[in-house]
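Asker: Each residue of the sequence shown is one higher than the last, beginning at 1044 in the numbering used here.
Hints listed in this document are in silico derivations from the structure and should not be mistaken for laboratory results.
Not one of these hints is a red herring.
Have a look at the derived ranges for each label pair, beta carbon to beta carbon:
1) 1044 to 1090: 12 to 22 Å
2) 1054 to 1147: 11 to 21 Å
3) 1088 to 1052: 17 to 27 Å
Owing to the predicted nature of the structure, the values given are computational and were not obtained by experimental measurement.
All C-beta atoms in this analysis are idealised placements derived from N, C-alpha and C, irrespective of residue type, glycine included.
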Amino acid sequence: LNATYGEGFGLPIVEAGACGTPSIATAFSSMPDLIKDRGWLVTGELAYCQQALSNWQTVPSIEEIMETLREVYDRPDEVSRRGQAMRDWVRQNLGWDKIAGQWLRLLDSVAADVGVKFPFAA
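I would like the entire structure built from these sequences, with the hints used as guidance.
Answerer: Here you go:
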């Protein structure tokens, strides 16, 4: 359950998904793109600008969270289906073989910008 006021990327959802565990998250920020039909989304009741953080946040619906938890509890087959779908998606799109090369090239670029030579991407 990752029903937060606001998330940047949603790493807990990706980590759970990599283990085959679908998530329940607030339908806000990046969560709809991560979840889709591979988990459950609950709506936010109020969107507001968090001035100190310079971002928008929302209050997840407690009632919808409770309804969704009941649905999840009563449908273990659906939990398994969505968990497998999330695991497959994470592996296909965010697995080490997809991400590592990009990170290593970024590290090389940053190192070069500060005058350090590391062959991260070699």
